[in-house]
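**Q** Using the sequences plus the hints, can you model the full thing?
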Amino acid sequence: MNTIDLSQTSVRELNQRLHGLAPDTNERLWRILNPKGQHALVAGLNVPIEVQIDGHVGYYCAGMNKEAKVVINGHCGVGVAENIMSGEVRVKGNASQAAGASGHGGLVVIEGDASARCGISMKGVDIVVGGSVGHMSGFMAQTGHLVVCGDAGQSLGDSIYEAILYVQGKVESLGADCIEKEMTPEHIERLAGLLARAGIKADPHRFRRYGSARKLYNFHVDHADSY
Amino acid sequence: MCGIVGLFLKNPELRPQLGAHLKTMLIGMTERGPDSAGIAVYHRPVQPTQCKLTAFHRDTGYPWREVAGQLGEALGAEVDVERKGNHAVITVDAAEADARAWIARHHPEVRVMGYGQLMEVYKDMGLPAEVACKYALDGMEGSHAIGHTRMATESAVTTEHSHPFTAAPDMCLVHNGSLSNHNNLRKWLRRRGLEFETDNDSEVAARYFAYRMGEGASLAEALEAGLRDLDGFYTFTMGTRDGFAVLRDGIACKPAVLAETDDWVAMASEFRSLANLPGVEKANIWEPKPAVVYTWSLQEAA
Amino acid sequence: MSVDRRALRRSATFPEHVLAEIHRAADQGLYEIRGFGAKRRLPTFDDLVLLGASVSRYPLEGYREKCGTDVVLGTRYAKKPIELKIPITIAGMSFGALGANAKEAIGRAATAMGTSTTTGDGGMTEEERQSSKTLVYQVLPSRYGLNPDDLRRADAIEVVVGQGAKPGGGGMLLGQKITERVAKMRDLPVGIDQRSACRHPDWTGPDDLTIKIQEIREITDWEKPIYVKVGATRTRYDVALAVKAGADVVVVDGMQGGTAATQDVFIEHVGIPTLPAVRLAVEALQEMDMHRKVQLIVSGGIRSGADVAKALALGADAVAIGSATMVALGCNRPVYEEDYHAIGTEPGYCHHCHTGKCPVGITTQIPELQARLKPEQGARWLRNYLSVMVLELQTLARACGKSHVLNLEPDDLVALTVEAAAMAGVPLAGTDWIPGRRY
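Protein chains in written order, with my numbering: chain A, 969 to 1195; chain B, 776 to 1077; chain C, -4 to 434.
If the Cβ cut is set under 10 Å, some of the chain C residues that face chain A in the computed set are: (1) Arg138; (2) Arg190; (3) His195.
Below are the EDC-like pairs computed for lysine to aspartate or glutamate, each with C-alpha atoms no more than 20 Å apart in a straight line: (4) A/Lys1004 with B/Glu1035; (5) B/Lys785 with B/Glu1035; (6) C/Lys75 with A/Glu981; (7) A/Lys1034 with C/Asp145; (8) A/Lys1060 with B/Glu1035; (9) C/Lys80 with C/Glu60; (10) C/Lys179 with A/Glu1130; (11) A/Lys1037 with C/Asp144; (12) C/Lys288 with C/Glu218; (13) B/Lys1057 with A/Glu1079; (14) A/Lys1034 with C/Asp144; (15) B/Lys962 with B/Asp1004; (16) A/Lys1060 with B/Glu1056; (17) A/Lys1183 with C/Asp188; (18) A/Lys1034 with C/Asp216; (19) C/Lys74 with A/Glu981.
The following label-pair restraints were derived from C-beta to C-beta distances: (20) B/Glu999 with A/Glu995: 49 to 59 Å; (21) A/Glu995 with B/Glu905: 40 to 50 Å; (22) C/Met(-4) with B/Trp963: 56 to 66 Å; (23) C/His264 with B/Pro838: 47 to 57 Å.
Rather than coming from a laboratory, the hints here were simulated on the basis of the structure. Note that the coordinates shown come from a computational prediction; the quantities given were computed from them, not determined experimentally. Glycine included, every Cβ here is placed at the ideal spot set by N, Cα and C.
**A** Printed below as a string of structure tokens:
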């Protein structure tokens, strides 16, 4: 286990060191102390290592993550795991805006609450939130899954494409072209799988599914006021 | 664009350290605002018949003593002056409106940055650490303070264009974001008799809120009205005699983080400004919701 | 009864194309979407002329006396700045908007000439990375296809805030161009109309852009120059803010800048021409003492070596060409005329990139049409055109006595109209009057 104290080492040094690891490195476990809200921590990882960060982090923690597993023992700032490609990023506390923004793959777990625009522009990532999400979550979500065990704020799934949203609690309002859909057995199973991967206990039968009405796929003047 | 910070002490025992904590918070926002910085500190209340003005002049050799003496004579009032960097804190046994009017008339080269009975406002060009040092922020005590670091967007980089902006006694505003209808709003307020010192959008917001409160709205009501009338992106933190308020616009793209313990409530644009506050590891940390008015007041805390 | 044609009078307020547009809007109920840049007449570089050598200034001999054209971009922070042989780069154009053959042709020509190309909305294709020696990778609001591997194999990264055709608008690609390959790259269903995001998903404003740029630097270990591209609107503020946010290079795209698909109303009515944009950008850099330290690339209606010379004289470090690149590849060439007619236009008037039925095979995904543009032929055309521009640029620079094109300066220019003089900040020819200056 390598322990790095960010009050002694700079973020840049840490990141460069992690980027320099070979895919078959035996330095697989890392612990980071004193993040104190700094930005771009462990961004751009691309080897299957495990990183644990003790404290609160700033913006873009684990941005563009590939293959690595990152655990943040605290809260995180804007854009955690933005554009994640694969691997897993877990936030024990709460997440600020744009969590998992434009993520392409992998798993993002927010055990607390996520803020506005959770899963914005998502492109294949699976995001599981133990708490609630803020407004405009799932905005322009293209593919992937967003699971919310708590409530969702206004305009959920506005302009959504093919991503699938599962929400257990209340949805304050739905965004343009986002509608409630049937929770088929197939979806119940899929959701159960996501919750299991996230390690979050919840009953999939209590969730509702939301997705695209697909009315905005090709412009028609009668839907003009959805734009 | 900018960084904003605010600190409100619930526990009076922490008051001697107010300035030291605010300084750390302010420096945490340097990258967001390298051009200039400003702070408003609420402390050293004056007597009920007195008022306190924080005045600024570009020239550090400005004859503050003389000018303050003239002010006192003109108003037939006792006057006290304390110089700090490019600013001077003038305490006078008279109504603030009269004191300000006299200064505006006889010494238009002086800019009054803040006025009231508690609030002192210091703003200057330079990095936050430099400004904090110049005004000895480190040693300031008080109940609450707000601060701002500036990256100038559409108006000039000058001291006058820096935040906080004052529009009423013991009231000031800092802003992170960019309004889009402030020019029309400025004209609307001018027609109602308000005067402006800069072309800055944040000054428009400050005077708008002061206008609403002057018309009888409570602080919360004024901020609610702002949600309707102000267009654009904003996180506002407003300092008042009793405490502070935070408001984000409905889209809420500009950041804001709040942290609270039994001893204090703090606000910043990024968490890293809060990371060194005492007890932050155990603090309740959350983000203010869009279009919701948050206020803290000393009376409530008591 | 025959019509007396002498009595027929057109309305200047409702000319033919406005009548046609209102009829079309009434029929279809949707704003007009089209390609190309602003078509209306604007003050441009044509309204400036260079002051060549005379008794007081001496020219350089062509060929024998060197006139350098090289430029280095990204010297501010990047470990590996970009060295270009010529100050003309290829602007960002997406795969999706353009077909694969076009992108390959562009890459080959740029490589041969020692300059860079730029990806567009949709991401990096293998063809472009292989064919283009120096490739700038765009990070756009949509984030289609964005990934760290491409970020790391790019030579520079361009954070796109906006483009001249639609400052404040997002990317647009209509269903007919979302083929399987395009759809896969963008993670969209085949055949739907792509909706546009106009803001980045995870930052808004220069203070947060600062942090985003840092993240990109961290991911790429501070190696690559970071460009920030803006459409020209409040250019002086935008350039200053881009510098404060940490950009190595600023790209300013004037309203003449092209697009493959945008609302006509956006193209024609938003943004300022390239001419004042260059001047404003240079002034912002000079005010911050960053001119030549943060490099400036300008684009939007650059067509010839003369345009390049004038842009450099005003203070740019390089230019980018988009529409002109496509014209070099055959855009609006008078061939396959029936195919132009089939999409409702004629050579010389065509702006129908959005249809995906480009008669000359550039802005199309249809294989039969793409086949009309052979990468080798396209590369040769583009390379020839770039060579001509460089020769023209050098000719003009030598005539002004410069041994390097970056030594051109504003004093080498005068304006032919009052508007151009005011916008470019150079005197009206024969006078020392620069309108609009506050003394």
